[in-house]
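**Student:** So the chains spell out like this:
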Amino acid sequence: MDTPAVRVRGLRKTYGDVVAVDGLDLEVSRGECFGLLGPNGAGKTTTIEICEGLTEPDGGEVEVLGQRWRDDPAGLRQHLGIQLQETQLAEKLTVEETVRLFRSFFRNGPATEHVIGLVRLQEKGRSRVGTLSGGQKQRLALACALVGDPELLFLDEPTTGLDPQARRQLWDLIDELRRAGRSIILTTHYMEEAEQLCERVGIMDHGKVIALGSPRELVASMGADHVVEFSTDGAGPDGARLDPLALGALEGVRDVQADDGTVRLQVTRLHQAVPALLAELNRQGVPLAELRTHSATLEDVFVGLTGRHLRDE
Amino acid sequence: MNDHPLAQLVLVRFREFAREPEAVFWTFVFPVLIAAGLGIAFRSRPPEIVTVGVVGHDLAAVFEAASGLEAEPYPDAAAGRQALRNGDVALVVEPGPDGTVRYRYDDTNPEGRSARALADQAVQVAAGRTDPVTSGDELVREPGSRYIDFLIPGLLGMTLMGGSIWSMGFSIVDARRRKLLKRLVATPMPRHYFLLSYLLARLVMLVFEVGAILLFGALVFGVPLRGSLVLLVGLCLLGALSFGAIGLLLSSRARTIEAVSGLMNFVMLPMWVLSGVFFSSQRFPDLVQPAIKALPLTALIDGLRANMLQGAGVLDVAPQFGILGVWLIVCFVVALKLFRWR
Chain G
1 MDTPAVRVRG LRKTYGDVVA VDGLDLEVSR GECFGLLGPN GAGKTTTIEI CEGLTEPDGG
61 EVEVLGQRWR DDPAGLRQHL GIQLQETQLA EKLTVEETVR LFRSFFRNGP ATEHVIGLVR
121 LQEKGRSRVG TLSGGQKQRL ALACALVGDP ELLFLDEPTT GLDPQARRQL WDLIDELRRA
181 GRSIILTTHY MEEAEQLCER VGIMDHGKVI ALGSPRELVA SMGADHVVEF STDGAGPDGA
241 RLDPLALGAL EGVRDVQADD GTVRLQVTRL HQAVPALLAE LNRQGVPLAE LRTHSATLED
301 VFVGLTGRHL RDE
Chain B
1 MNDHPLAQLV LVRFREFARE PEAVFWTFVF PVLIAAGLGI AFRSRPPEIV TVGVVGHDLA
61 AVFEAASGLE AEPYPDAAAG RQALRNGDVA LVVEPGPDGT VRYRYDDTNP EGRSARALAD
121 QAVQVAAGRT DPVTSGDELV REPGSRYIDF LIPGLLGMTL MGGSIWSMGF SIVDARRRKL
181 LKRLVATPMP RHYFLLSYLL ARLVMLVFEV GAILLFGALV FGVPLRGSLV LLVGLCLLGA
241 LSFGAIGLLL SSRARTIEAV SGLMNFVMLP MWVLSGVFFS SQRFPDLVQP AIKALPLTAL
301 IDGLRANMLQ GAGVLDVAPQ FGILGVWLIV CFVVALKLFR WR
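Protein chains in written order, with this note's numbering: chain G, 1 to 313; chain B, 1 to 342.
Just so you know, the hints here were simulated from the structure itself, not pulled from any lab data.
Ideal placement from N, C-alpha and C gives every residue a C-beta, glycine not left out.
Misleading hints may appear alongside valid ones.
Said to hold, decoys possible - If you want the footprint, here are the derived chain B segments under chain G, 3+ residues with CB under 8 Å:
{"id": "1", "segment": "3-17"}
{"id": "2", "segment": "175-182"}
{"id": "3", "segment": "187-193"}
What the hints assert, rightly or not - Calculated pairs, BS3-like style, for lysine-lysine (alpha carbon to alpha carbon, straight line, at most 30 Å):
{"id": "4", "chain 1": "G", "residue 1": "K124", "chain 2": "B", "residue 2": "K337"}
{"id": "5", "chain 1": "G", "residue 1": "K124", "chain 2": "B", "residue 2": "K179"}
{"id": "6", "chain 1": "B", "residue 1": "K179", "chain 2": "G", "residue 2": "K92"}
{"id": "7", "chain 1": "B", "residue 1": "K337", "chain 2": "B", "residue 2": "K293"}
{"id": "8", "chain 1": "B", "residue 1": "K337", "chain 2": "B", "residue 2": "K182"}
Modelling step: build the complete structure from the supplied sequences, incorporating the hints.
**Tutor:** Structure below.
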């Protein structure tokens, strides 16, 4: 148990001209739930599929549960549970038949009915996969990852495309698995998901991890716990234009980003910063069109680091 | 409680097949319908009475007396020619000067030629000709020489080809498109089990496919099974495996159903035409005969016909076994090399 669940050193992978993973280092300890957070195209899926032994890296080292892929892939797979992005299981089979098929590939593991119970699909056991809702299909995919009683679970965007309720159900399930002591690596572009489930998060962009730590640490690293966003109606009645530079000097404001008429302020003391902002806009003679505030999140960390939103693409 | 992965994979094949009503129809019902339809269309009929047009009453009496002929009298030569043009009769007999007889017919029409032969025979005999050689007829109408007997082995071969290639192609490419193949190789499943499950499922399906056609042919039309059943089963097995390997090869790279459908039709269509399913492949020019003989469907159908209709033994169909074996090995090896799992 002393080796980490996953250790990656200097990982590189290119597809033609596109560098998908660019010298990535990563270490995930046993029993940890680790999240790779980033926008589409950041290299999350390529990274996780290299760890899963499905994609050959161009360079770098990968150790999974202390083993390398080339040594004994079939033996290693016995200990892994994998959920791929966008797998469509056979629609004509029932839930039970599907889980039983996947169960037959593993030497050890719980009984089929037990796994179906774990993902709360007992009542759907005899239903065809084609009749399941999106959330039920994702839970079935999770069941297929759990049949071998895996030490390490890979979940690639487990809740993408689900409605909020189905997403919350799946979060509860993953949380249970985490508490049961399994190591989990998941990718997501939902910052709420990473905040809810992961003990540590690696924020990825352009094939690199650009920030690493617990969600709390990452948010704290911004040095501001609130974000104020506002937009103005362009020029004021007497032709005055907003001067963003003056905003940085306001009380409690740590950072100012302006683009496309929207201004984002990272602030520490919201109750002082907002009145100060309103007074400043009044002084500049610029009318306010919209004003929003929220507690700082991982999304704000990403925006602070890259100037882009997670779901820009 | 631990299920064997191969058993589970084969079970999945059956479940997917049985839950696809169209597949069941095309596999079992379609060939039987074709056999029934063609069997009825080409059923054996009593010999036809040939009708000949006759101008003038004197000649008509000659034909009424002859067997197998019936005279249709016309008042004059013009009416006779009109009937010939309409296709009412294939031959018109006109009296000539000085007791001669003139036959009017199209010599590229086999019916016209046989009517002329029959009519001339009747005319000559009526005039007192005696044949120098005495001849007698031995009539043969036993099973084996009818069209349906020719057709059933052809349909059998066609079903084996279509069943193997279609079931492999669609199912494998669909699994690849859904990323199910990729999901399966992410488990410890041994990869050869997956491919093996298709071949095993084919062999079981084969019993039903072959059984349906053979039973139908034997019970409804009395199609003969003159060769050994073991050899027949062996031919069907090898045929199914060879076409299974071809199906595997066709589906080894394709990512879309459209792509694999095109490939499958491209491969199967020439064989439907060339390999003698509905008519003998001997009709094609001698130059291309070696190529046609090398096609797997030709080899299978030739082997089946030799076994069922002529009672041929193992040595007689050894060349066909050889051709099918080569297709099986080459396609399987190449398919394994090319196969794309994701």
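**Student:** Give a verdict on every hint.
**Tutor:** Status of each hint after checking the structure:
Coverage of a stretch by a chain is defined here by at least three residues with a beta carbon nearer than 8 Å to that chain's beta carbons; for the segment 3-17 of chain B and chain G the count is 10, and the condition holds. Note: the segment 175-182 of chain B has 5 residues with beta-carbon separation from chain G under 8 Å; the three-residue rule is met and the coverage holds. Only residues whose beta carbon comes within less than 8 Å of a beta carbon in chain G count, and the segment 187-193 of chain B has 4; three or more means the coverage holds. Restraint check: the Cα-Cα separation between G:K124 and B:K337 comes to about 40 Å, which exceeds 30 Å; the hinted pair is violated.
Straight-line distance between C-alpha atoms of G:K124 and B:K179 comes to about 23 Å, which keeps the hinted pair within the 30 Å bound. With a CA separation close to 16 Å, the supplied pair B:K179 and G:K92 stays within the 30 Å bound. Proximity of B:K337 to B:K293 is assessed by CA-CA distance (about 27 Å); at most 30 Å being required, the pair is judged to hold. The straight-line distance between the Cα atoms of B:K337 and B:K182 is roughly 17 Å, inside the 30 Å bound, and the hint therefore holds.
In summary, the one numbered hint that this structure violates is 4.
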